[in-house]
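Given the coordinates of chain U, work out where chain W should sit on it, guided by the hints.
In the order they appear, the protein sequences are chains U and W.
The opening position of the first sequence corresponds to residue 1 in our numbering, with each subsequent residue numbered one higher.
The opening position of the second sequence corresponds to residue 109 in our numbering, with each subsequent residue numbered one higher.
Simulated from the structure, these hints should not be mistaken for laboratory data.
Owing to the predicted nature of the structure, the values given are computational and were not obtained by experimental measurement.
Watch out, some of these pointers could steer you wrong.
Between beta-carbon pairs, the in silico distance windows are [to be verified]:
#, chain 1, residue 1, chain 2, residue 2, range
1, U, 14, W, 284, 48 to 58 Å
2, U, 84, W, 187, 37 to 47 Å
3, U, 65, W, 235, 19 to 29 Å
4, W, 116, U, 43, 19 to 29 Å
5, U, 14, W, 328, 39 to 49 Å
6, W, 313, U, 43, 46 to 56 Å
7, W, 119, U, 72, 17 to 27 Å
8, W, 312, U, 84, 40 to 50 Å
9, U, 38, W, 139, 34 to 44 Å
10, W, 152, U, 33, 21 to 31 Å
11, W, 135, U, 86, 32 to 42 Å
12, W, 152, U, 68, 37 to 47 Å
13, U, 69, W, 235, 29 to 39 Å
A partial selection of chain U residues facing chain W, derived with a Cβ cut-off under 10 Å [claimed, not checked]:
#, residue
14, 2
15, 3
16, 9
17, 13
18, 18
19, 32
20, 33
21, 74
22, 77
23, 81
24, 82
25, 84
26, 91
27, 102
28, 105
Glycine included, C-beta positions come from ideal geometry on N, C-alpha and C.
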Amino acid sequence: MSIIEGAAEEALRHGAVKVNAVRLKLGPLSGVAKDALLFSYELACEGTALEGSRLVIEEVQATVFCPSCKVERALTSIQRMCCPVCAAPTPQVAQGREIELVALEIAT
Amino acid sequence: MNTTPRLVEVRRNALRQNDTLARALRDRFRDAGVRVISVVSSPGAGKTTLLEKTLTRLRRQWRLAALVGDLATENDAERLARAQAPVKQIITGTVCHLDAAMIERALEGWNLDELDLLFIENVGNLVCPASYDLGEESRMVLLSVTEGEDKPLKYPTIFNTADVALITKIDLAGAVEFDLAAARDNIQRVRPGMQIIEVSAKTGEGMEAWMGLLQSQIADRDRVQPQSHRDTETSMER
Numbered sequence: 001m002s003i004i005e006g007a008a009e010e011a012l013r014h015g016a017v018k019v020n021a022v023r024l025k026l027g028p029l030s031g032v033a034k035d036a037l038l039f040s041y042e043l044a045c046e047g048t049a050l051e052g053s054r055l056v057i058e059e060v061q062a063t064v065f066c067p068s069c070k071v072e073r074a075l076t077s078i079q080r081m082c083c084p085v086c087a088a089p090t091p092q093v094a095q096g097r098e099i100e101l102v103a104l105e106i107a108t
Numbered sequence: 109m110n111t112t113p114r115l116v117e118v119r120r121n122a123l124r125q126n127d128t129l130a131r132a133l134r135d136r137f138r139d140a141g142v143r144v145i146s147v148v149s150s151p152g153a154g155k156t157t158l159l160e161k162t163l164t165r166l167r168r169q170w171r172l173a174a175l176v177g178d179l180a181t182e183n184d185a186e187r188l189a190r191a192q193a194p195v196k197q198i199i200t201g202t203v204c205h206l207d208a209a210m211i212e213r214a215l216e217g218w219n220l221d222e223l224d225l226l227f228i229e230n231v232g233n234l235v236c237p238a239s240y241d242l243g244e245e246s247r248m249v250l251l252s253v254t255e256g257e258d259k260p261l262k263y264p265t266i267f268n269t270a271d272v273a274l275i276t277k278i279d280l281a282g283a284v285e286f287d288l289a290a291a292r293d294n295i296q297r298v299r300p301g302m303q304i305i306e307v308s309a310k311t312g313e314g315m316e317a318w319m320g321l322l323q324s325q326i327a328d329r330d331r332v333q334p335q336s337h338r339d340t341e342t343s344m345e346r
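If we strip away everything but chain U, and leave its shape as in the complex, we get:
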């Protein structure tokens, strides 16, 4: 619901008469499942300024900062939080928690 409220707020701010699509960035460590969002989106939009819009989800690659290589690396699995190159364990998530409204396709 906070996605819809946020998007509706932005649509209003940009003077939209209709919202065609909402583009969202979703990280694998966000705690939100893509399919569940897509499934519930239409229903959640009913009666809001977003009714009839599409949800476009861009999945983000999770990355961690490796303390021994001292660089950010793409994570191969969120079940193993370690550097894919040197295997050093790291709890430092650089990217992957996003639930970010990126853009709106609107008609003004």
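Relative to chain U, chain W alone:
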């Protein structure tokens, strides 16, 4: 009507409202000198029993209170109230997690200056509570031995956002052939470096280590804390 379709860039965290509120709560807690610890787990992992025993043990020494989230009942608050600490139930209805606004509302009328430690018991759920910052200083995740040792791999996000893991009902480990080494390894896989405490609220095993952790957290409450990882993940909003 002339309508031109166009793309507008927005770039905002969908949980911005919650995160802003959570940061304000965290500031309030620090100003009041109250240490706030949230507890998450699947339903039935033993959050309420652990807190009941914890409140009973610590209430003579410290000023404690608890907020308890539940979908429908006040049973947990009634159980915790037996420990004679101020307890408030937050009934979430259909919502499967607590959010910062619920915490703020529940605290109305409470004087935080009169508290040393506040527990927030989340709704039993290993999914949605991971995404909501409640303004807590630290988050404890419980894994009971009856759930099996692979829970951290099935729900990596909640383990990843927690600060300490408690393996509960440790007195039953033998009966359910719980593989403790595997459980520890799985926790370390999804959250390297996380402190792990094994407890049984029923027999008291491991409770000394848990009390020790809480004592040090309370003693540290006036120290300026490093920014929590829940803060930094939303730093783009600033």
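Index of numbered hints that the structure contradicts, given in increasing order | 21, 25
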